[in-house]
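Novice: Below are the chains, spelled out letter by letter.
2 protein chains.
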Amino acid sequence: MSTNQTMKVGILGFGGLGQAATKVLAPKQEMDWVAAADLKGYAYCETGLEPQKAIATYHQQGSIGYLEPHGTLSNHSIKNLLETAQVDGYFLALPNLPNTFMADVARQFIASGWKGVLVDALKRTSAVEQLLQIRRELETAGITYMTGCGATPGLLTAAAAVAAQSYHEIHQVKITFGVGIANWEAYRATIREDIAHLPGFNVDKAKAMSDAEVEAFLDQTNGILTLENMEHADDIMLELAGICSRDQVTVGGVVDTRNPKKPLSTNVQITGRTFEGKISTHTFTLGDETSMAANVCGPAFGYLKAGFSLHRRGIHGLFTAAEIMPHFVR
Amino acid sequence: MSTNQTMKVGILGFGGLGQAATKVLAPKQEMDWVAAADLKGYAYCETGLEPQKAIATYHQQGSIGYLEPHGTLSNHSIKNLLETAQVDGYFLALPNLPNTFMADVARQFIASGWKGVLVDALKRTSAVEQLLQIRRELETAGITYMTGCGATPGLLTAAAAVAAQSYHEIHQVKITFGVGIANWEAYRATIREDIAHLPGFNVDKAKAMSDAEVEAFLDQTNGILTLENMEHADDIMLELAGICSRDQVTVGGVVDTRNPKKPLSTNVQITGRTFEGKISTHTFTLGDETSMAANVCGPAFGYLKAGFSLHRRGIHGLFTAAEIMPHFVR
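For the record, the sequence lines run as chains F and V.
Read the first sequence against my numbering and you will find it ends at 334, with the numbers running on by one and no gaps.
Read the second sequence against my numbering and you will find it ends at 334, with the numbers running on by one and no gaps.
Hints in this document: simulated from the structure, not taken from any laboratory.
Any given hint could turn out to be false.
Repeated chains share a single entry, so a pair holds when one copy, or any two copies, can fit it.
The calculated DSSO-like cross-link candidates involving lysine-lysine, where the alpha carbons are at most 27 Å apart (straight line), are [stated by the list, open to error]:
1) K119 - K83
2) K178 - K265
3) K57 - K178
4) K27 - K282
5) K178 - K32
6) K44 - K211
Okay, chain F solo, but in the shape it has when bound:
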């Protein structure tokens, strides 16, 4: 880990989320984006990579490994990057599917002997359960792993954890999100993950859909996906934080895949009973003008910075967005 103020940051996965993350990092003085990897290659420059050039290369040639002069094509891109790069922390902007993906990547970090901070913006409860199985290995390896640190879980889970403080007991945490994206093709993996939550679909079935099949499916719903009782890791994170049991947490929302305007304002409602016996509800509502990218990548880097602070103090292991206050990245 660098001892100076600027943290060297890598991004694993270079889809819509990974690309947005490079733009979020670009104006930050405290973090330099120096590395990225996708399925087919990686790029590394210790003095920093350029988002525009990297994104253009990915769109034109299909991998950041083609980036001149810093890219390398590889079928073992993460492994090779870890062998090559000096990076303090990585944002795992990887697809959520399969559910074992994050934990498998974390195992690669452990196996490599790398020490530092990892942050993910994963979605599913089962993915956190996979990570819980290796929490001791992460700690022993000297890795501080921050999980569930996007928007939901992440920003909204943290707001719920703060809001819970007014209550003696929590009755319900209800997360309702609205997402509007101009063009679903920029978020191919994310949209398939959303479809997997719908009745009649599952992870394998959604993942196997071709772009044309996704397009045809979205034509039937005018591009709208309405999601209820989703498997979202907010539930296990609030349970691990001792706030409520996971069955008291519900996540649902509406995704408009053809309109950047949000179909509803994303919010979390926290209902509980105070020490005086009153039932009440706190509400945290996101401004509609904040994009999914802003609400995911901003918190992810805020938790990455908080993770650096823990790591410097020798605190390693697995932490969630409900336990640690994110730090603001300048």
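Given chain F, put chain V in place with the hints provided.
Specialist: Leaving out everything else, chain V in the frame of chain F:
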């Protein structure tokens, strides 16, 4: 510090806030209320004190020092309590005036050689500035001091710190509170502190007011206090957390001293610019049914628990509600 799960908690100050705190603690399994001190005495019982009996004694005789059989009258109640009691952490439910009060009490803890966790629910920026002057001494003494951990600053500051994560830069944090209390005489010190914020008043003038003068003043306003641009420590806490400069934070509100119903819903609005250049506002709104006592004491104990976690890891010094995630107390 006890190594078992139950934390032994003391309360300094036994006005409205200190008394409410005992009721908040009563059903908690993780914390035992074992000690309290007011100006004229203290009470200590290692197996736990009874809120109802203690509150009745204070109301009838004017000090918890009269509590039988655990009370002791003393003109040096804090000093004597520290010499006597085995306590893991204290909630400083003390008046905010004078602004040096919390720091002076903290110096008493340092001087006594006591090690543990302190939490306050102070209000004023200048009181935090006083504490900043002794942050090194707190750290050296082995004290983990959590400041600004009530409702505002505290709960709302933490919500603002979480909300800030969506933005590249913060433009404004606007806190607007509504407080309704059935009877101002239960919160004599708090109401004088509020009056001190009004035009034409200051801390000394408000403190010097007799109960009859406060009553007469409230008669002129139908019991309503409208407060603007208050000196509240939310500003310095968000500045210390690197989120924005203190002049971007405003705190105001309406206090109805004759009606438990809130005159407006307490909320914090966080306005900023995203990495994409969009200006937006997140809003966190408290449910009206949550009382000031619930919104102050709940977070205070949540931060006390978080402080225990830091203290166990050997992390001492001064921390604010904007830096640390409160832990839920069961």
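Novice: Next, verify each hint and record whether it holds.
Specialist: Tested hints:
no. : hint        : verdict
1   : K119 - K83  : within (14 Å within a copy, 46 Å between copies)
2   : K178 - K265 : both (22 Å within a copy, 25 Å between copies)
3   : K57 - K178  : neither (41 Å within a copy, 39 Å between copies)
4   : K27 - K282  : between (45 Å within a copy, 14 Å between copies)
5   : K178 - K32  : between (33 Å within a copy, 25 Å between copies)
6   : K44 - K211  : within (19 Å within a copy, 70 Å between copies)
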